[in-house]
Amino acid sequence: MEFDRRGFLKIAGLTVLGLAAKPGWELFSKVEPQELVPSPETLAKKRWAMSVDLKKCWSVKGCRDCIDACHRIHNVPDLGTLKEEIKWVWTAPYENVFPEHELEYSEEDYRHQPVPLLCNHCDDPPCVRYCPTRATWKREDGIVMMDFHRCIGCRYCMAGCPYGSRSFNWRDPRPFIKKVNLEFPTRTKGVVEKCNFCEERLSRDLLPACVEACKEKALAFGDLKDPESKVRKTLQSRNVFQRQPELGTKPKVYYVL
Amino acid sequence: MVQQEAEMLDKREKIIGEDKILFEHIWKTGKGFYVTVSILGALVLLGLYAYVTQYRNGLTVTGLSRQIFWGVYITNFVFFIGISHAGTFISAVLRVLKAEWRRPISRASELTTVFILLFGVGSVLIDLGRPDRMLYAIRYAHFRSPLLWDVCSITMYLTVSSISLYLALIPDIALLRDLGGKREWFYRILSLGWTGTESQHRRLERAINFMSILVIPVMITVHTVVSFVFAMTIQPLWHSAIFGPYFVVGAIFSGVASVIVVMAVLRKAYHLENYIKPVHFNNIGIFLMAMTLLWFYFTFAEYITIVYGNEPVHMAIFWSKLTGKFAPLFWLHFILCFVVPLPILAVRRFRTIRRIVVASISIILGMWLERFVIIVPTLTKQRMAVEGAFYMPTWVEWSILAGCISLFMLLYTLFTKVFPIVPIWEIREGREKAVRMVSERIESYLPETDVAPQ
Amino acid sequence: MYDGKKIIPGLILFLGLVTYPFWHNAVSGKTGYIPKPKLPADKKECVEPKDYIRINHKNLLDGWKESVVRKGGTIYMASNRKRYTMSLNRTCMNCHKDKAEFCDQCHNYMGVTNKCWDCHIYPKQLEKG
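Chains as they are written, first to last, in this note's numbering: chain A, 7 to 263; chain B, 87 to 540; chain C, 5 to 133.
The set of hints was computed from the structure by calculation and includes no laboratory data. Each hint should be verified, as a subset may be incorrect.
Below, a sample of chain B positions facing chain A; criterion: calculated Cβ distance under 8 Å [unchecked claim]:
| no. | residue |
| --- | --- |
| 1 | G118 |
| 2 | Y120 |
| 3 | T146 |
| 4 | S151 |
| 5 | R152 |
| 6 | Y226 |
| 7 | R230 |
Even glycine gets a Cβ: it sits at the ideal position worked out from N, Cα and C.
The shape of chain A in the complex, shown without the other chains (with noise of 0.2 Å):
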């Protein structure tokens, strides 16, 4: 063909056409659905875990913020009676959390000053071994995840928790929960329940409910893997310790005093 404009224009509009022959099909065709999950390899690339600053949360006597912020937005019934209670954060006095932190003649008295207590999202989890099922599993990032659907009840991750992070649902919880947030289900009864380190949260970018509650600033959390987070600052301080690291269960919630 003999090259002149006419040509060119010829030319050109055929490679346009061949181009745009690709992305004209994907732009008006159907595309098979897809459900987007992260791979496990981006999950991993972040290590959850929290730490819990005692002399901050001491600070304030009588205060129940996290707790309170937990239930509320997680729908935990309050049931008002030690046998049945259900509890994602609750506390305990310290001589009770740490037995083997000898105080007989240490100066300050805080034997009896509560310490915030949940479930430790250990790396090693004995709670996820014994279960038959699957229902609870250890996320590639670091928590211990619990699936309502699939929970048959047999309350043995209750036994190989050292720590009694989990609760049972002893009876249909809804008549109980004081407000419904319908952002989360509920649970019925006969399954176990423990926090979740708020991940349909984290899935969002919003901090977990306690850690936003707390006015002192208590609780930091955040991701271990990375030195510059909130975290990290804090496990360079003071004494750090953890529950019973003696178990090999690598817990994920530091104390620091």
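Please arrange chains B and C on chain A, whose structure you already have, making use of the hints.
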């Protein structure tokens, strides 16, 4: 017509032979039977009502709590699986050891095993918070969990025991088929064409021997795996290597005691005094005494290592058992399992049938308490006992326990209405062949002589 | 036929009882009933086209459950390229507000039971108290 009837009667007489009493409990139904069935039936209905209450309201109707979340049901589970070891021991182990005195009691014990295993499994299912999801343990099976190991081993045990029971039942079913009557079609189907020829007997013998040898390691595995449910956790006083053999010994202990009670009841109710004799009770009583001592040894070894180590976390629970909250139950179980049975079983003069049964009942109660005392004190988590844990089982749990035991007895009783409880063909084999076989065997142990036998 | 006087009426009665499910609807005049779920007034498009989702919503929700709970996913890319949050409450019930007026209309008719609502709460449920 009369001649045919006479021939029929003749044939019946020949089949029944001198063992009429072994058939009678199938044909004769006395008042005692109806009374027993009614009482057991009522208790079963009570248990059923208790379970329905629990299904509808959740496990809140039990005495379980956030602190003590395993109680009577898990105790029942371990206890029932423990009792199931009896059958295997008496029918399989004694068969392998060629102990001829096992003959009249082998089916009664095998039956105990098969039926009580159902309640062992049932107790776990009753304990589940979501029993409607019980099949998830199979659909989403996580084999790293000791509960799954339990599922596998107990299923295998139930299968092998049922097959053993059935195989040993076939010649007797054939006898009942040959007797004719209304149920002849039923026995005919189940007898699988058994005609009692030499070659059939040989094949049956091989099959039963195979099953007997197979079931022994399975039996040991089963209760070891049940103990692993506790031993594999890191809870104080549960995390112990001795749990495996401890539980197996405890199982055989409680199981043999149960079989003794079953034997005594059957003997009385069905007038089997001629077949289940004092010598059977004596032999099994001696074995039970050995098990008592063995159980004591394991218990002693377990507790002395705890005491000597003196670790605070373990000692807190240890003292709660010996002198604290659980002391009454602990010492009661020790008295029932050891102090009461040992003198009865050890002194020959005391080894009468009645006293052996008393010792056995004491052992059965004591062993239920032993399982309870193993499970519950550890859960009080003495190392973090802020909340004052307290466990008082409710009427629901006791009713379900009563219901399970009653249903077991009911099924057992109904079985004896359909099949003979003493294996007739094994007794006859014993009469006809065993005497000769045993003397030949003994002669083969002794040195050869040049002198011709007299 | 021996005992014919008893057998034939008995047979007719038996056949009548056995075929009851088939002729009951015709006789009671309810064959014409079509369930009418109340559709949301403002939204015209569901996550997937109506025909697909009417048949497949169970599988869709099961897939969402797997992804959200067990795999940590949150976004669903629909066949119309739009992205939705995988949530029964925040997506589905955001439009179809009332289970009784929407879901139950067909489910009751078809005799479908599901346990979703044992845990998940739909918006109107709270208003009813």
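Comparing the hints with the structure gives:
1. G118: Where the cut-off is 8 Å and the nearest Cβ of chain A is about 41 Å from B/G118, the hint is violated.
2. Y120: This hint is violated: B/Y120 lies away from chain A, its Cβ roughly 39 Å from the closest one there, beyond 8 Å.
3. T146: 4 Å, holds
4. S151: Hint holds; B/S151 Cβ to chain A Cβ min 4 Å, cut 8 Å.
5. R152: 6 Å, holds
6. Y226: At about 4 Å, which falls below the 8 Å cut-off, the nearest Cβ of chain A leaves the hint on B/Y226 intact, so it holds.
7. R230: 6 Å, holds
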